[in-house]
Amino acid sequence: MTTAIEATGLYKSFGDGTWAVDGMNLAVPAGSFYGIAGPNGAGKTTTLRMIIGVLRPDHGQASVDGVEVWPDPREAKRRLGWVADNPALFERLSGREMLEYAALMRGMDAQEADRRATDLLHVLDMEDSQSKMIADYSLGMRKRIGLAVALIHRPRVLVLDEPFGSLDPVNTQVMEDLLQRFRANGGTVVFSSHVMDVVERLCDRVVVVADGRARVEGAVAEVRGQAPTLQQAFVDLVGGRDLGEGELSWL
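Each residue of the sequence shown is one higher than the last, beginning at 1 in full-length UniProt numbering.
It cannot be assumed that every hint is accurate.
Pairs of lysine to aspartate or glutamate, EDC-like flavour, derived with a Cα cap of 20 Å [what the hints assert, rightly or not]: (1) K77 <-> E100; (2) K132 <-> E97; (3) K132 <-> D119; (4) K132 <-> D114; (5) K132 <-> E91; (6) K132 <-> E100; (7) K77 <-> D65; (8) K77 <-> E6.
Here are the in silico distance ranges between beta carbons for each label pair [claimed, not checked]: (9) L104 <-> G17: 36 to 46 Å; (10) V54 <-> G15: 10 to 20 Å; (11) R213 <-> D125: 32 to 42 Å; (12) D109 <-> H59: 24 to 34 Å; (13) Y11 <-> G239: 44 to 54 Å; (14) R201 <-> G140: 14 to 24 Å; (15) S131 <-> G218: 43 to 53 Å; (16) D109 <-> G225: 45 to 55 Å; (17) G15 <-> D168: 33 to 43 Å.
Just so you know, these hints were derived from the structure itself, not from any lab. All figures in this text were calculated on a predicted structure; none of them were measured in a lab. In this text, a Cβ means the ideal position worked out from N, Cα and C, and glycines have one as well.
My request is simple: use the sequences and hints to build the entire structure.
This is the structure we're talking about:
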């Protein structure tokens, strides 16, 4: 099996005596749609940030498309695109300017940058807002421009952190279709989420993360097991809580 992302023994602490990521091992097959699921605070984002080369692990190693990320992440970054939960963008640029700037920084000539920006703005239904400053964008618009920035250099691996939050159903469908096209052309999509129906609908494989560790990993059907839904399997794995009969009796 060819892997697009490998992580071996990743550890990260932020100085409070606990491990935010506690020995994470991952192997993401090339060409797959791979989900990283877990509750808030499980270590999903910290793991992704170590894999993409913006947060140095305390221990362990990661590779992207066969390139080791640490100690020098630059080559690995050329092969991936990254969309944060709240993308960091230049607020005083317009959407089109942001895309063209990102393309030029990746070494594209101006004509190709313009062509790709035009294509992405059209597909993401942002032609009417392409001249507005990003400071005036909603979070959903920022996520769409963030995705366009991540795609404009045609990476082989796309990594997204909670990509579908703040999107309405129409734009969720547009983003899903775009990600499926990226995958059909040989790309690998990795995204974190705590929304299990999205993971179950889109992903080939999933890892469930809790307390900085991978609890279970496999094909979605394998992880779901005998549970009626992936969400129920997830709750069973990480621990759930039912309201007691007498709780909030005043409601």
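Quick rundown of the hints versus the structure:
Restraint check: the Cα-Cα separation between K77 and E100 comes to about 18 Å, which is no more than 20 Å; the hinted pair holds. Between K132 and E97, the direct Cα distance comes to roughly 10 Å. Compliance with the 20 Å bound is thereby established for this hinted pair. Only pairs whose Cα atoms come within 20 Å are accepted, and K132 paired with D119 is accepted, the gap being roughly 18 Å. Restraint check for K132 and D114: satisfied, since their Cα atoms lie roughly 17 Å apart, inside the 20 Å limit.
Between K132 and E91 the CA atoms are separated by roughly 10 Å; this keeps the pair inside 20 Å, and the hint holds. For a cut-off of 20 Å, the pair hint linking K132 to E100 stands: about 14 Å separates their Cα positions. For a cut-off of 20 Å, the pair hint linking K77 to D65 stands: about 10 Å separates their Cα positions. Between the alpha carbons of K77 and E6 the distance comes to roughly 14 Å, so the proposed pair stays at or under 20 Å and holds.
One distance hint, 36 to 46 Å for the beta-carbon pair L104 and G17, holds here, with the actual separation near 44 Å. The hint said 10 to 20 Å for the Cβ distance between V54 and G15, and at roughly 18 Å that hint holds. At about 39 Å, the CB distance of R213 to D125 agrees with the hint of 32 to 42 Å. A C-beta distance of roughly 42 Å is found between D109 and H59, which places it outside the suggested range of 24 to 34 Å.
Hint check: Y11 to G239, Cβ distance near 23 Å, so the stated range 44 to 54 Å is violated. At about 19 Å, the CB distance of R201 to G140 agrees with the hint of 14 to 24 Å. Remark: the range hint 43 to 53 Å for S131 to G218 is upheld by a beta-carbon distance near 46 Å. Taking the beta carbon of each, D109 and G225 are about 52 Å apart, inside 45 to 55 Å as hinted.
For G15 paired with D168, a C-beta distance near 40 Å keeps the hint of 33 to 43 Å intact.
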